[in-house]
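Sequence lines, in order, name chains A and B. Mapping to this note's numbering: the first sequence position 2 is 2, numbers consecutive. Mapping to this note's numbering: the second sequence position 109 is 1109, numbers consecutive.
By construction, these hints were calculated from the structure, which means they are not laboratory data. Among the hints, erroneous ones may be present.
[Claimed, not checked] If you want a taste of the chain B side facing chain A, the calculated C-beta under 7 angstroms gives, among others:
id	residue
1	Phe1033
2	Ser1042
3	Leu1043
4	Leu1045
5	Thr1048
6	Gly1105
7	Tyr1106
8	Phe1108
9	Ser1110
10	Gly1111
[Said to hold, decoys possible] DEER-style ranges, computed between Cβ atoms:
id	chain 1	residue 1	chain 2	residue 2	range
11	B	Ser1081	A	Asp67	44 to 54 angstroms
12	A	Glu17	B	Ser1053	39 to 49 angstroms
13	A	Tyr51	B	Lys1065	32 to 42 angstroms
Think of the CB as a built atom: it goes at the ideal place given N, C-alpha and C, for glycine as much as any other residue.
Next come the chains, spelled out residue by residue.
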Amino acid sequence: LAKTTQPISMDSYEGQEVNITCSHNNIATNDYITWYQQFPSQGPRFIIQGYKTKVTNEVASLFIPADRKSSTLSLPRVSLSDTAVYYCLVGDMGTGRRALTFGSGTRLQVQP
Amino acid sequence: SAVISQKPSRDICQRGTSLTIQCQVDSQVTMMFWYRQQPGQSLTLIATANQGSEATYESGFVIDKFPISRPNLTFSTLTVSNMSPEDSSIYLCSVVSGQGTKVYGYTFGSGTRLTVV
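Turn these sequences into a full structure, and let the hints steer you where they fit.
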């Protein structure tokens, strides 16, 4: 699976937009980019997944440039409840035959 | 997506003892995964458990220390054996659910916070 690099931590304030960028230079043709969120004392939960260009759901947007060597998770107007660790994962997850491989994640702290 | 019930949610254990963690899934799943998350760290895969076959362990994890059972398609256990304080971690199970060749997603249990004293 492609190795990912993302910032260790980020700070923001309520109401701001937060963009977390993940680098994945060795992404393969069949790989998807997926982001998970983990709150303290909980397991990770799926946020968003994409292959190229832009994907948006009710929680976040995912921007993927044409070369797919990086991606940016965008959280609009964050609140205190968005304080969590965000993981960027890259891999061919469509088969369901392999476990997810987690990188270090980005610890987002949202201040009032 | 599947719903996982993981027990216990936390425990404090004496060194040298063993703890068995259970994961019950509300639907049949082919593959279950067990992870360890040390304090302040990311998740590390311990093993993959398929029903009807031996679990496959990742480098650094062995069956004698982390025996896994997978008696049916909705249940699995992970035992942490002969515990030492270094085993203090959060242990999580995960499943991937889907139908046929379509993968719906990966779901995680809420974790078991283990403290070894």
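Answer holds if the nearest beta-carbon of chain A is closer than 7 angstroms to that of Gly1105 of chain B; otherwise answer violated. With a closest approach of 5 angstroms, the Gly1105 of chain B hint holds.
Taking the beta carbons of Ser1081 of chain B and Asp67 of chain A, is their distance inside 44 to 54 angstroms? Since the Cβ atoms of Ser1081 of chain B and Asp67 of chain A sit about 47 angstroms apart, the hinted range of 44 to 54 angstroms holds.
Quick one, is the Tyr1106 of chain B hint okay against chain A at 7 angstroms, beta carbons? Nearest chain A Cβ about 6 angstroms off; hint holds.
Given Phe1108 of chain B was flagged as interface, is its beta-carbon under 7 angstroms from a beta-carbon of chain A? At 3 angstroms from the nearest chain A Cβ, Phe1108 of chain B passes the 7 angstroms test, so the hint holds.
Is the interface hint satisfied for Thr1048 of chain B? The criterion is a beta-carbon contact with chain A at less than 7 angstroms. holds (6 angstroms)
Answer holds if the nearest beta-carbon of chain A is closer than 7 angstroms to that of Leu1045 of chain B; otherwise answer violated. Holds: closest Cβ of chain A sits about 5 angstroms from Leu1045 of chain B, inside 7 angstroms.
Chain A contact restraint on Phe1033 of chain B - CB to CB distance below 7 angstroms: holds (4 angstroms)
When the least beta-carbon distance from Ser1110 of chain B to chain A is tested against 7 angstroms, hint result: Since the shortest Cβ distance to chain A is 6 angstroms, the answer is holds.
Interface hint outcome for Gly1111 of chain B [beta carbon to chain A under 7 angstroms]: Hint on Gly1111 of chain B: holds, closest Cβ of chain A at ~6 angstroms, below 7 angstroms.
Once the shortest beta carbon distance from Leu1043 of chain B to chain A is found, is it less than 7 angstroms? holds (4 angstroms)
Is the gap between the beta carbons of Tyr51 of chain A and Lys1065 of chain B within 32 to 42 angstroms? holds (39 angstroms)
Within 39 to 49 angstroms: is that where the Cβ-Cβ distance between Glu17 of chain A and Ser1053 of chain B falls? This hint holds: roughly 47 angstroms between Cβ atoms.
Comparing the model with each earlier hint shows no violations; every hint is respected.
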